[in-house]
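The primary structure of each chain is shown beneath.
Number of protein chains: 2
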Amino acid sequence: MSEFELIARIIPTLPENDSLVKGAGDDCAVVDLGRKDELLLLKTDAVVEDVHFTSQTPAPGVGHKALARALSDIAAMAGQPIACLVTLGLPAEFDPDFVLKFYEGLNSLARKYNVAVAGGETTRTTGKIFVSVAVLGTIPRDRILSRSAAKVGDAIFVTGELGGSISGKHLEFDPRIREAQWLAENFPLHAVMDLSDGLAGDLRHILNASQVGAELLSSAIPISRAAKLKAKNESSAKPPLLAALTDGEDFELLFTLPPKDAVRVLDGWKAAFPKLKLTCVGKISAEGGLRIRDKEGIRELGLRGYTHFQKS
Amino acid sequence: MSEFELIARIIPTLPENDSLVKGAGDDCAVVDLGRKDELLLLKTDAVVEDVHFTSQTPAPGVGHKALARALSDIAAMAGQPIACLVTLGLPAEFDPDFVLKFYEGLNSLARKYNVAVAGGETTRTTGKIFVSVAVLGTIPRDRILSRSAAKVGDAIFVTGELGGSISGKHLEFDPRIREAQWLAENFPLHAVMDLSDGLAGDLRHILNASQVGAELLSSAIPISRAAKLKAKNESSAKPPLLAALTDGEDFELLFTLPPKDAVRVLDGWKAAFPKLKLTCVGKISAEGGLRIRDKEGIRELGLRGYTHFQKS
Numbered sequence: 001m002s003e004f005e006l007i008a009r010i011i012p013t014l015p016e017n018d019s020l021v022k023g024a025g026d027d028c029a030v031v032d033l034g035r036k037d038e039l040l041l042l043k044t045d046a047v048v049e050d051v052h053f054t055s056q057t058p059a060p061g062v063g064h065k066a067l068a069r070a071l072s073d074i075a076a077m078a079g080q081p082i083a084c085l086v087t088l089g090l091p092a093e094f095d096p097d098f099v100l101k102f103y104e105g106l107n108s109l110a111r112k113y114n115v116a117v118a119g120g121e122t123t124r125t126t127g128k129i130f131v132s133v134a135v136l137g138t139i140p141r142d143r144i145l146s147r148s149a150a151k152v153g154d155a156i157f158v159t160g161e162l163g164g165s166i167s168g169k170h171l172e173f174d175p176r177i178r179e180a181q182w183l184a185e186n187f188p189l190h191a192v193m194d195l196s197d198g199l200a201g202d203l204r205h206i207l208n209a210s211q212v213g214a215e216l217l218s219s220a221i222p223i224s225r226a227a228k229l230k231a232k233n234e235s236s237a238k239p240p241l242l243a244a245l246t247d248g249e250d251f252e253l254l255f256t257l258p259p260k261d262a263v264r265v266l267d268g269w270k271a272a273f274p275k276l277k278l279t280c281v282g283k284i285s286a287e288g289g290l291r292i293r294d295k296e297g298i299r300e301l302g303l304r305g306y307t308h309f310q311k312s
Numbered sequence: 001m002s003e004f005e006l007i008a009r010i011i012p013t014l015p016e017n018d019s020l021v022k023g024a025g026d027d028c029a030v031v032d033l034g035r036k037d038e039l040l041l042l043k044t045d046a047v048v049e050d051v052h053f054t055s056q057t058p059a060p061g062v063g064h065k066a067l068a069r070a071l072s073d074i075a076a077m078a079g080q081p082i083a084c085l086v087t088l089g090l091p092a093e094f095d096p097d098f099v100l101k102f103y104e105g106l107n108s109l110a111r112k113y114n115v116a117v118a119g120g121e122t123t124r125t126t127g128k129i130f131v132s133v134a135v136l137g138t139i140p141r142d143r144i145l146s147r148s149a150a151k152v153g154d155a156i157f158v159t160g161e162l163g164g165s166i167s168g169k170h171l172e173f174d175p176r177i178r179e180a181q182w183l184a185e186n187f188p189l190h191a192v193m194d195l196s197d198g199l200a201g202d203l204r205h206i207l208n209a210s211q212v213g214a215e216l217l218s219s220a221i222p223i224s225r226a227a228k229l230k231a232k233n234e235s236s237a238k239p240p241l242l243a244a245l246t247d248g249e250d251f252e253l254l255f256t257l258p259p260k261d262a263v264r265v266l267d268g269w270k271a272a273f274p275k276l277k278l279t280c281v282g283k284i285s286a287e288g289g290l291r292i293r294d295k296e297g298i299r300e301l302g303l304r305g306y307t308h309f310q311k312s
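Protein chains in written order, with my numbering: chain A, 1 to 312; chain B, 1 to 312.
Careful, some of the hints might be misleading.
Subject to a maximum C-alpha distance of 25 angstroms in a straight line, what follows is the list of computed DSS-like cross-link-like pairs (lysine-lysine) [as the list claims (entries may be wrong)]: (1) B:Lys-22 / A:Lys-112; (2) B:Lys-101 / A:Lys-22; (3) A:Lys-101 / B:Lys-22; (4) A:Lys-151 / A:Lys-36; (5) B:Lys-277 / B:Lys-260; (6) B:Lys-36 / A:Lys-36; (7) A:Lys-22 / B:Lys-112; (8) A:Lys-169 / A:Lys-270; (9) B:Lys-128 / A:Lys-128.
Pairwise CB distance ranges, derived in the manner of DEER restraints [to be verified]: (10) B:Asp-50 / A:Asn-208: 31 to 41 angstroms; (11) B:Thr-13 / A:Pro-12: 36 to 46 angstroms; (12) A:Gln-56 / B:Ala-286: 19 to 29 angstroms; (13) B:Trp-182 / A:Gln-56: 50 to 60 angstroms; (14) A:Arg-143 / B:Glu-185: 54 to 64 angstroms; (15) B:Ser-108 / A:Gln-56: 38 to 48 angstroms; (16) B:Lys-260 / A:Pro-12: 31 to 41 angstroms; (17) B:Gly-289 / A:Arg-143: 49 to 59 angstroms; (18) A:Ala-272 / B:Ser-108: 40 to 50 angstroms; (19) B:Ile-7 / A:Glu-185: 56 to 66 angstroms; (20) B:Asp-50 / A:Ala-272: 44 to 54 angstroms; (21) B:Thr-13 / A:Lys-270: 36 to 46 angstroms.
Keep in mind the hints are simulated off the structure, nothing from the lab.
Owing to the predicted nature of the structure, the values given are computational and were not obtained by experimental measurement.
All C-beta atoms, glycine included, are put in the ideal place defined by N, C-alpha and C.
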């Protein structure tokens, strides 16, 4: 049984109740406690030594990343984070200095977004260090965003630049909390999510959930300097466009909105967030699947269709 | 630096905000989102392979325990659990059957208390299996319970029977959600907590937080059958009374209330929960420290003062 099959078997068995608006399978759980204007968001995210960081990773970066990942999911709902709880699994011979510096990184990010660190449990492990962060947030009652709301004709946008996060961004990225709230307050957002598995992979989640297809414009994809540098300096690195399409942990926003709002959102964005790129990278199509257009024409980006972008 | 010193250094650095009513150091975090009648509770708890369970532990027991521990903290606040999120760290070569049976145990307990399992993330680990469960709950706005509210003269109560949890109870215990709500609705509870480190250790937390002392009555301590059996069958086991005082993971309620309510709570309890013991085990005193009285007199239960109860 694959992990995908396993999760597909488990999700329908999970107990629900009258308070649950959105459960497993979305970026955040949405809970309704009968409050007039507001719904609650809940999200947990874990980072594990040797998977999401190494014993060489600076401890403040681990703390930053552990909270930032969960906040990025709150951003994908254009939510307001309120409080978080931190569980830290430590081996018996842990370094107290790691823990102090871990909290420096985590606390600093929490302060930036006015998130209370409402509890910090440490627990013993005989295995690797792990961190699990749970975040409580809120959204206006009438503004539940989802992956499944993309419409044919929508323009597709990404914030920032993509690819090469592993060179450093994954330890210091800014979750797009304020940007997402601004977008949701000013524009009729359709599908929204945060980029964790790469543009091609995450866009596919939106397409599947919305039962539509998409066409990306190769020349429009914003490629990060880190991805370009990596391609230049490391012979085994992905070509930059492939990195921008498939590297994980960008933690930028991916969203779609009606084409009539495309120019307006780009103009408004420049005034609101002059230091951060917003790019229209393609459009939603009635024809299923994910395609990319470049000067040589248009081709399918199949699940294993990235060989075109490999170095010869 | 000891773990205690480390935590003492970290707690004052944790960011707070206007929503935070009670943060790190209590059983649950308490969050105020401006709702008229209600406050929110947040709690996470982790269980780790080789620490809280072994590779031989039946998977449904692991799932039950992972959720029940967090629910026991909600019970310590007499709260109503609403929803939980589950993070499951699994090695690459994990057994899908373990995961399915883990969720059987967890889901079954969630259904019993009408808790929605609002999300279930799995993540890779190169270490041991770990589970982190985050729970959202609610309490009435005017009913924040705490460890620090014990008053001189209070009668001290425990639910159930103590000791020997490791023989099986730790995998199947019932968090005292309903019992705690009933107590809080009908009686002026003072200090309340759930027993995770043993009566002597946890009562000491209440005494320190409330700046009082206590006297226990040896003959009143409700000793579990498991602790008695263990003492009888295993030469290296603790004597039963010592087990009841110091074994961890009882997950019963420990609380204090004014002496004038002691008889009334015992009578009401018998009618409300005829199958579960409630026992008055002692009283809160102005004199600091923890003492125990038996037929030979009264003696101090120092931090290392349990040698009296060892087998000769």
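Hints breached by this structure: 4, 12, 14, 16 and 19
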